[in-house]
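Colleague: Could you put the whole structure together from the sequences, leaning on the hints where they help?
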Amino acid sequence: MIAALSKTLAQLPSAELRRVLGWVLLLTAATFVALWVGLGWAIDSITWSDTGWIDSAARWLSEILGGIAGAVLTLVLFPPVATLVACLFQDRVAAAVERRYYPDLPPAPPMPLAPAVWAAVRLLLWIVAVNLLALPLYLLPGPNLVIYFAINGALLGREYYEVVALRRLSPREAKSLRKRNRFGLWLSGVVIALGFWVPIFNLVMPIAGTAFMVHRFEATRRKHAGD
0 MIAALSKTLA QLPSAELRRV LGWVLLLTAA TFVALWVGLG WAIDSITWSD
50 TGWIDSAARW LSEILGGIAG AVLTLVLFPP VATLVACLFQ DRVAAAVERR
100 YYPDLPPAPP MPLAPAVWAA VRLLLWIVAV NLLALPLYLL PGPNLVIYFA
150 INGALLGREY YEVVALRRLS PREAKSLRKR NRFGLWLSGV VIALGFWVPI
200 FNLVMPIAGT AFMVHRFEAT RRKHAGD
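Under numbering that gives the first Met the number 0, the first residue of the sequence shown is numbered 0, with each subsequent residue one higher.
Accuracy of the hints is not assured; some may be wrong.
[What the hints assert, rightly or not] Derived pair list, reagent style DSS-like, types lysine-lysine, alpha-carbon separation capped at 25 Å:
{"no.": "1", "residue 1": "222", "residue 2": "174"}
{"no.": "2", "residue 1": "222", "residue 2": "178"}
{"no.": "3", "residue 1": "6", "residue 2": "222"}
Bear in mind the hints are in silico, worked out from the structure with no lab data behind them. Quick caveat, the model's predicted, so the values are computed rather than measured.
Modeller: The structure is reproduced here in structure tokens:
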């Protein structure tokens with residue numbers, strides 16, 4: 000895993016990945032601007048009371064709570080939303096990693112966009128649903144971070160793995176390999192989840208996570224190649 004991280008960090012400054020990163024950041028920022036504008040519009044459109052001062056006070060409080068909600072939504076939704084945007088470029092990122100570190104591999108057939116988009120949408124839905132269910136546990140000081148990274152590590156690890164694995168394996172083969180390396184891929188997901196929490200570095204995580212998972216996938220695939 001350390002080797003996979005080292006290779007990922009070494010390749011991030013490459014021109015090809017920088018171009019992809021620029022597009023991902025631009026489209027992700029546009030998505031969140033639209034989310035914030037929509038949230039603000041929804042709050043402003045509510046009439047809280049026919050009494051002027053009550054409506055003003057309620058509107059003031061709702062704007063504060065709306066700002067907090069926007070910050071929380073950004074924190075929770077940034078990994079899946081950025082991943083959803085990055086799915087448009089994940090095949091390009093994986094191919095760049097393979098050309099540099101695995102030149103023995105034949106070119107992978109182009110992955111249809113629909114399965115990649117569906118995997119990212121599914122990740123978004125799962126993260127929202129599971130984190131909402133786990134919200135009471137996040138109020139426990141101390142265990143809350145452990146619970147958060149355990150849950151989101153499992154979700155991110157599985158989805159990033161599938162995007163990479165399905166380029167070279169059938170769904171059945173990918174599922175079998177994932178089950179045989181369940182713990183290692185969960186740890187890989189925890190690493191990706193941790194990366195999304197590191198300021199500045201979280202901006203490159205959609206690309207870094209894909210590159211990192213290519214290395215993890217190749218390590219597990221080659222490990223079990225003779226099985």
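Colleague: Does each hint fit the structure? Answer for all of them.
Modeller: Evaluated hints:
no., hint, in the structure
1, 222 with 174, "16 Å, holds"
2, 222 with 178, "14 Å, holds"
3, 6 with 222, "18 Å, holds"
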